[in-house]
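Student: Below, each chain spelled out in residue letters.
Protein chains: 2
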Amino acid sequence: MDSQSLTPAPPAHGSRCQVALLGFGTVGQAVARILCEHPPAGVELTHIFNRGVARKRTDWVPASVQWTDDISDVFRSGAHIVVELVGGTDPAGEWVERALDSGKSVVTANKQLIAERGAALLARARERRCHLRFEGSVAGGIPIIGALRDGLAGDRIRRVLGILNGTCNYILTSMANGDASFDEALQQAQVLGYAEADPTDDVEGYDARAKLAILCAAALRADVRPQRIATRSIRVVEAVDFAHARRLGCTIRQVSHAEGDEHGGLQATVRPTLVPRHSALAHVAGSQNIVVLQGRYGGETVFSGSGAGGGPTSVAVVSDISAVARLEPERDEGPTLRVPTRISGEFVTPHYLRFVVRDRPGIIARIAGVMEQHDINIDAVLQLPYPTKDALPFVVTVEACLPSILAEAMRHIGELDFHVQPPVDLPILGGESS
Amino acid sequence: MDSQSLTPAPPAHGSRCQVALLGFGTVGQAVARILCEHPPAGVELTHIFNRGVARKRTDWVPASVQWTDDISDVFRSGAHIVVELVGGTDPAGEWVERALDSGKSVVTANKQLIAERGAALLARARERRCHLRFEGSVAGGIPIIGALRDGLAGDRIRRVLGILNGTCNYILTSMANGDASFDEALQQAQVLGYAEADPTDDVEGYDARAKLAILCAAALRADVRPQRIATRSIRVVEAVDFAHARRLGCTIRQVSHAEGDEHGGLQATVRPTLVPRHSALAHVAGSQNIVVLQGRYGGETVFSGSGAGGGPTSVAVVSDISAVARLEPERDEGPTLRVPTRISGEFVTPHYLRFVVRDRPGIIARIAGVMEQHDINIDAVLQLPYPTKDALPFVVTVEACLPSILAEAMRHIGELDFHVQPPVDLPILGGESS
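Just so you know, the protein sequences line up as chains A and B, in that order. Residues 1 to 434, numbered by the numbering used here, are exactly what the first sequence covers, in order. Residues 435 to 868, numbered by the numbering used here, are exactly what the second sequence covers, in order.
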C-alpha cells in the first residue's frame with residue numbers, strides 16, 4: 001500500500017524486504033551505496049549478482065550481503081525484489097521473467113527492455129501478483145513515470161515533448177556555444193565521458209526513441225514499438241545551422257515529440273529540431289534532460305533534471321524499491337494501452353531548410369518554383385556573410401506543411417545541379433509550445 | 435493500493451467510490467467538470483455542498499448528484515471521499531476533522547489548513563485508517579508532493595528553492611519587462627485577475643510561506659509553523675532595482691528557500707531575491723510556479739507549471755481522488771517530522787544593497803566604513819546614469835555574509851543623514867544554485 005503521509009510506511013513483506021541486485025556497474029554501485037547508507041524503511045540488500053563477481057567486491061558492502069555470479073542463486077533466494085541493472089534485452093528479459101515467475105517483484109532501469117516488452121512483462125507481473133517498476137528507464141532522476149501514474153492521473157495528456165538523451169544535448173549545446181563542428185563536439189563528449197566510444201545509439205536517436213516509446217505508453221496510453229518512431233540522426237546538424245538558427249531566434253535540440261490524435265492515431269518523432277531560444281527546451285544545457293507535458297485540464301507542466309548517471313538513476317531505482325516494499329501484492333487489472341490506428345511522424349510545422357551551393361544567379365527562383373508546385377509557402381530566405389561562393393550556405397524557412405510533402409519537394413530540389421552537399425530540413429517547433 | 439501499471443487500478447471501495455465536493459467556486463467547478471467528463475475508474479461524484487447552493491446549480495452536473503447547503507448531509511452520506519475546497523482554516527478544519535471522524539478520506543487544496551495543522555490532521559486520518567491528500571495545496575498543477583513521496587523517496591533532499599506565488603511572479607516579471615512601478619504592475623495584475631482586491635497575502639509573502647512550510651515537511655521532514663518563516667514583502671522592490679539587477683546579470687523574484695542543516699536546524703525564508711538570469715528561477719515568467727530540489731544523490735531536479743487556477747489545481751485534486759479511490763485503508767505508521775532545533779532565515783549569501791541619496795562627496799566612504807566595522811566585504815559599487823542628484827539611486831554589492839550582521843550594519847548606515855528613502859537589501863542567490 002502506498003502511503004498518504006509524508007514518510008514511507010513500513011514494508012508489506014513482514015519485518016524485512018530483501019533486495020537482490022543484478023549488475024554492479026555504475027548504477028548498480030550507486031544503488032547499493034544508497035541501500036547501505038540510507039535504506040528505505042525495512043529494506044535490506046541481501047544479494048549482488050555480477051559476472052566475474054570476485055573483481056567487483058568492495059569493502060563498503062556489509063558482510064551479510066551474498067555475492068554471486070550464478071544467477072540461479074538469486075531466483076532460489078528469499079529476495080522479495082530483484083533489481084535488474086544489467087541492461088539490454090537479452091538475457092535481462094529472461095531474468096526479469098524468471099524473477100516474476102519466482103514470485104519476486106522487479107525494479108529496472110532498462111529502457112530497451114521496457115520499450116520493447118514492457119506491456120507483456122507488466123501482464124506477467126500482474127498474473128504473478130508481483131510489481132514491475134521502471135522509473136529509472138526514462139530521464140534518469142526525473143520522476144516522470146510516477147508523475148504520470150499519480151500526480152497527473154487526473155489530466156488527459158495530449159502532447160509529450162522531451163530532451164531525453166543527454167549525449168545529444170551535450171553535443172548540440174557545445175556546438176551552439178562554441179561553434180564547434182559535430183565531430184569536435186562528439187570527441188569532447190567522449191573525452192569527458194558523456195558519450196560512448198560507439199555513439200550510434202545516442203546520435204542516431206535510438207536511445208531517445210526507446211524512452212519516447214515508454215512515455216507514449218505512460219502519458220498517451222499508446223502501445224508503440226520504438227522502431228515505429230521516425231528518427232533522424234543529429235549528424236546532419238552543422239555549426240552553420242546554429243548561426244542561422246540564432247538569427248531566427250532559435251537554437252537546435254534533439255527533440256522527442258509525441259501526440260495522439262482524436263482518431264486513435266499517434267504521431268511520434270525523434271529528430272534535431274529548431275526550438276525558440278526563450279522556450280524551456282532551449283534552456284536545457286549540457287547533459288540535462290527535460291519533459292514537457294501538455295494536459296487538457298492542467299496545461300503545461302515541465303520536469304527537468306539529470307537524465308543519466310549513477311546518482312540520479314539510482315534515486316529513481318531506490319524510490320521504486322521503496323514503493324514496492326510498501327505495496328500490497330499487485331491486484332491491478334492492467335493497463336489499457338491502445339495500439340494506435342496509425343503511427344506517423346507527420347507533425348505539421350514550419351521547417352528550416354539549409355542548402356550549400358555553388359553560388360550563381362537563379363538558385364532561389366528554382367527552389368521557389370519547386371515549392372510552389374508542392375503548395376509550400378516560403379516564409380523567409382536567410383543568408384549570413386560567408387567567405388566563399390564555392391560552397392555557400394543559405395537557409396530557407398517555409399510555413400507549416402506536411403513533412404511528407406516537404407520531403408517530396410526536397411527530393412526534387414536535391415536533384416538540381418547547384419548543390420555542394422545534400423540539403424538538410426529541420427522542423428521548427430512553434431512558439432506556442434515549449 | 436497504488437498501481438504499478440500504466441493505468442489506474444479499480445477502486446478499493448467495492449464497485450463505486452463516491453465523492454462529495456465541499457465548495458463550488460473556481461476549483462470546485464473545475465474538479466466537478468473532470469469528474470463528470472473523465473472520472474477516474476470507479477469514481478462517482480455524488481454530493482456538492484455550497485452555501486446558497488440554489489444559485490450554484492448548473493445543468494452540466496448529472497441529476498444524480500445531490501446538491502446541499504447543509505454540511506451535515508455530507509457527513510451522513512455514503513460518500514467515501516470528501517473533497518474540501520472551501521479554503522481557510524475555519525470552518526474547513528472542523529469539516530475535515532468531522533469527515534475523517536465519519537471514516538471518510540479527505541482530499542484538499544487548502545494550503546493554510548495543511549500548513550497550520552497538517553501533521554495533526556494526518557495523525558487523525560491515520561487513527562481512522564483514512565487518507566488525507568493535499569497535492570493541490572502547493573504549486574497547483576505541479577505534482578511536487580507526490581514526487582517527494584514517491585519518485586524522489588530514495589534521495590535525501592537538502593535544499594528547496596521555489597517560486598510559489600504566481601501573483602508576485604506576475605508583478606515582478608511585469609516590472610522586469612516593462613519598467614513598470616510596483617503599483618502599476620499590481621494594478622495590472624488585479625485587472626487581469628492575477629491579484630486579489632486585497633493583495634496582502636500574496637505580496638507580503640504569507641501565501642508563499644504557507645506553501646514553503648508544507649514543502650519543509652514533505653521534502654525536509656521539518657515541522658515548522660508558517661509564522662516562523664522569515665518573510666519580506668516584495669513592495670520594497672522598485673523599477674530601478676531591475677535595472678541594477680540586469681547589470682549584475684540577474685533579475686528579481688520572490689524566492690522561497692529552505693535548507694536543513696546537519697545539527698537539526700532549519701533555515702527558511704520567503705523574500706525578494708536576485709537570481710542569475712540564466713537560472714531556472716529566472717526563466718519562470720508570469721504566473722507560473724517552479725520548485726527546484728537539490729538531493730544528495732540525484733542532484734538538482736526542477737518542476738514547473740501553472741501554480742494556480744481552476745484547471746491545474748483541479749488536476750492535482752482529481753489525481754489525489756484517483757489515488758485514494760485505489761488505496762487500501764490507511765495503515766501507515768505516520769510521518770517522522772522533526773521539530774527543528776533552530777529556525778532561522780540566516781542564509782549566508784552575497785547581498786544587493788540599494789541606496790537612494792542626496793548626492794554629495796564621501797557617501798561611499800561612510801558606507802564602506804560601517805561595512806568594515808562589521809567585517810563585511812564590499813564586492814562592487816554600481817551607479818547607472820540618473821537625471822537628478824537630489825534622489826540618486828546606487829547599488830553596493832557585498833560578499834557572502836550573515837543577514838543578521840548585515841542588518842546591524844544597515845541599521846547603522848540607515849541612521850546616516852544622506853538618505854532620501856530607507857535603504858533596501860536583497861539576497862543574491864549564488865550562481866551555484868538555480
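If you are wondering where the hints come from, they were derived from the structure by calculation, not from laboratory data. Glycine is no exception: its CB is placed at the ideal position from the N, C-alpha and C atoms. A portion of the hints provided could be inaccurate.
Distance ranges between label pairs, derived from CB positions [what the hints assert, rightly or not]: (1) Thr634/B <-> Gln383/A: 54 to 64 angstroms; (2) Asp617/B <-> Gln187/A: 53 to 63 angstroms; (3) Glu127/A <-> Glu561/B: 55 to 65 angstroms; (4) Val236/A <-> Ala802/B: 55 to 65 angstroms; (5) Asp379/A <-> Trp494/B: 54 to 64 angstroms; (6) Ala677/B <-> Glu196/A: 21 to 31 angstroms.
To spell it out: a stretch of chain B is covered by chain A in this simulated footprint if at least three of its residues, at any positions, have a beta carbon under 8 angstroms from a beta carbon of chain A; those stretches are [as the list claims (entries may be wrong)]: (7) 588-594; (8) 728-740.
Student: Run the structure past the numbered hints and jot down the numbers of the failing ones, going up.
Tutor: Hints 3, 5 and 6 contradicted; others consistent.
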